[in-house]
Amino acid sequence: MNNNNKIFQFKLVLLGEAAVGKSSLVLRFVRGHFLDYQESTIGAAFLAQTVCLNDTTVKFEIWDTAGQERYHTLAPMYYRGAQAAIVVYDIRSEDSFERAIKWVKELQRQGSPNIVIALAGNKLDLAAKRKVETAEAQQYAEENGLLFMETSAKTSQNVNELFVEIAKKLPKTPTTRPGSGRVAIAPIDNGNTGKKNKCCN
Amino acid sequence: MDEHYDVIVLGTGLKECIISGLLSVDGKKVLHMDRNGYYGGESASLNMNQLWEKSHGKEKKAPETLGSSRDYNVDLIPKFILSSGLLVKMLLHTDVTRYLDFKVVDGSYVYSSGKINKVPSTDTEALTSSLVGLLDKLPLRKFFIFVQNYEENNPATHDGLNLKITTMDALFKKYGLRENIVDFIGHALALYLDDSYLQQPAHDTIMRMKLYADSLARYSKSPYIYPLYGLGELPQAFARLSAIYGGTYMLNKPIENIVFDEEKKIIKVTSEGETVTCDKIVCDPSYFPNKVQKKGKIIRSICILNGPIPSADKKFESLQIIIPQKQVKRQSDMYVGVMSSAHCVCPKGKYIAIVSATVETNEPEKELAPAYALLGPIQEKFVYISDFIEPIADGTADNVFISKSYDATSHFETTCEDVMDMYKRITGKDLVLTVHPNILKQQEEAGNQEQEEQ
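If you read the protein sequences in the order shown, they are chains H and Z. Just so we're aligned: the first sequence equals residues 1 to 201 in full-length UniProt numbering. Just so we're aligned: the second sequence equals residues 1 to 454 in full-length UniProt numbering.
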């Protein structure tokens, strides 16, 4: 951390129907790779990545669904306190777009009041089989104050851009989460959790 | 859904979710279902509309003076987390702490002679506390120093006694501690619900006092922490852990039939016409009414207040009051937990006080009068009486492992002891509460990932 950048950390959640490419978007963004047959999310459902803007660094703490969207059993705790959400649908599936709209409504009803929501029409590489028109999704996003982009986790088209747009839109205020005075729960005996600070270079 | 699972877990209360998470991390194939459409069962935290509906039905709406429904996260089973206790160890063991935010509870009080006092727990506090009479100060200080120095495996610190045999009663007498002092040590520091501990070996009580002191030392204001948005976050966080390690979740699943196939040694569970099989079932007592027994009743009264309680420090946004049994001529203690918007459980300006006690008479709510007297004006009250239910058998014969219902204690130690005991019966091995190797592996991978990026 040798520059004077301010670092802001935000909780970002992914929402959307199963198999629309939520995990693939994150893995593309965080690790820069794509697997044709990404297994349903198991094991690692908590990733971090930073985005550098001009004078600030935004660190995203990204929560994946851990497969709990499959039977509609995502817990409210999941999106509690999230400052940003990416609601993903598959541009080849109208059902997944309908489901995305339901998630947006749920976030507007139950999410943090100032949550930044991005709508992502994923699988743009398969645009030949498109069922959801860009204009339709664009209009819905505009009417509801959402960021909107069509993305491809496979080709990486618009993936970084999406996260950068979210980073720009997030309010950079010192306390971004409710309840000051939170305490860290650290191991009692030999307190080495191996957490490292990092910043982009 | 035609599949075989190692374990099917029924009910998403805290105990079931912790066990589900632990088993998934161990690599077991887990299916976790709940007949309700929400997580938490009895350990859920409710918004005002849900709470109101539970008491008043759907017709009448909650009054607007209570504020926005969604600002409420009211626990049905009030408890605080001892910051060096078993639940914290379980949260660390599984790395579930990362899903939750905690804040320290501001104060810990004990009721004595009609008023409340801050609980003294160190030798210096013993000397200054108004709770401790002049004659008691020195003996209490000596006793606290003895407890602080006590080490289980170092006989030099045992004062020449065998504390695995000597009763607590005898130890108190040796230090010349009088009834009032004994009362607050046993109930406000060692956190016993009744006086049966006095005839037990002193070692356990000393360890409980040390747990209290260690917990207090961590964050200094009180020995307790509490999660933002209420205790209902805990089962959800452990459910997420289970899901991350492959557990399958289904809500709104009524269980129609459970059949034991003795021949194949499997259990068939049917929900909404579909049948799955498993080796073992883990569930809360409501899923097997014929395999459990009632062991008394617990009353919990949720009071919505318009300001801090007048009997305590007005600056405190959260606190606990223990009312030891003898102080109010009862056979078991009464607890008051007070929370506010500081922990995101109610709108700004409101306070939630929850009184809980084991029912001892035919008029349970009257029993709570001494606690109500401490609260000031109560805007709204929701009173629930629930059975305390235990499984009849330990589950090893029929492979059905049933949790006990949540008791009247003010903390999670007995909850976690039940979980650890169940885990041992289910898996045949002890639950070791260091960070789980599979969690460490994942942490390391995440760490390597970060380094690569740098």
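Keep in mind that the hints were calculated from the coordinates and are not lab data. Be a bit skeptical, because a hint or two may be false.
Covered by chain H, per the in silico footprint, the following chain Z stretches (three or more residues, Cβ under 8 Å) [to be verified]:
1. 102 to 110
2. 182 to 193
3. 219 to 231
4. 236 to 246
5. 395 to 403
Using 20 Å as the maximum straight-line C-alpha spacing, the simulated EDC-like pairs for lysine to aspartate or glutamate come out as follows [what the hints assert, rightly or not]:
6. H:Lys169 - H:Asp55
7. H:Lys129 - H:Glu98
8. H:Lys102 - H:Asp55
9. H:Lys105 - Z:Glu3
10. H:Lys11 - Z:Asp95
11. Z:Lys29 - Z:Asp71
Some chain H residues flagged as far from chain Z (calculated, every beta-carbon gap over 12 Å) [what the hints assert, rightly or not]:
12. Lys6
13. Asp64
14. Arg130
15. Ala141
16. Phe148
17. Thr155
C-beta atoms are modelled at their ideal positions from N, C-alpha and C, and glycine is treated no differently.
Per the coverage rule (Cβ-Cβ under 8 Å, at least three residues), is the stretch 219 to 231 of chain Z covered by chain H? This one holds; 4 residues, not fewer than the three required, reach chain H with a Cβ under 8 Å.
With a cut-off of 20 Å on the C-alpha distance, tell me whether H:Lys129 and H:Glu98 pass. 17 Å, holds
Minimum Cβ distance from H:Thr155 to chain Z greater than 12 Å, as the annotation requires: Answer for H:Thr155: holds, closest chain Z Cβ roughly 21 Å.
Next pair to validate is H:Lys11 with Z:Asp95; report whether the Cα-Cα distance is within 20 Å. 17 Å, holds
Since H:Lys6 was said not to touch the interface, does its Cβ keep a gap of more than 12 Å from each Cβ of chain Z? 19 Å, holds
12 Å cut-off, C-beta based - H:Phe148 kept clear of every residue in chain Z: 27 Å, holds
For H:Asp64, which was marked as not at the interface, is the minimum beta-carbon distance to chain Z over 12 Å? At roughly 9 Å from the nearest Cβ of chain Z, H:Asp64 sits no farther out than 12 Å, so the non-interface label is violated.
Assess, step by step, whether the Cα of Z:Lys29 is no farther than 20 Å from the Cα of Z:Asp71, and give holds or violated. Given pair Z:Lys29, Z:Asp71 is violated - Cα atoms ~37 Å apart, limit 20 Å.
Reported absence of H:Arg130 from the contact zone with chain Z (all CB gaps over 12 Å): 32 Å, holds
Just to make sure I understand the rule, a stretch counts as covered if three or more of its residues have a C-beta closer than 8 Å to a C-beta of the chain. Does the stretch 236 to 246 of chain Z meet that for chain H? holds (count 8)
Report holds or violated for chain H covering the stretch 395 to 403 of chain Z, Cβ cut-off 8 Å, minimum 3 residues. violated (count 0)
Taking beta carbons only, do three or more residues of the stretch 182 to 193 of chain Z come closer than 8 Å to chain H? violated (count 0)
Of the numbered hints given earlier, the model fails hints 2, 5, 8, 9, 11 and 13; all others are met.
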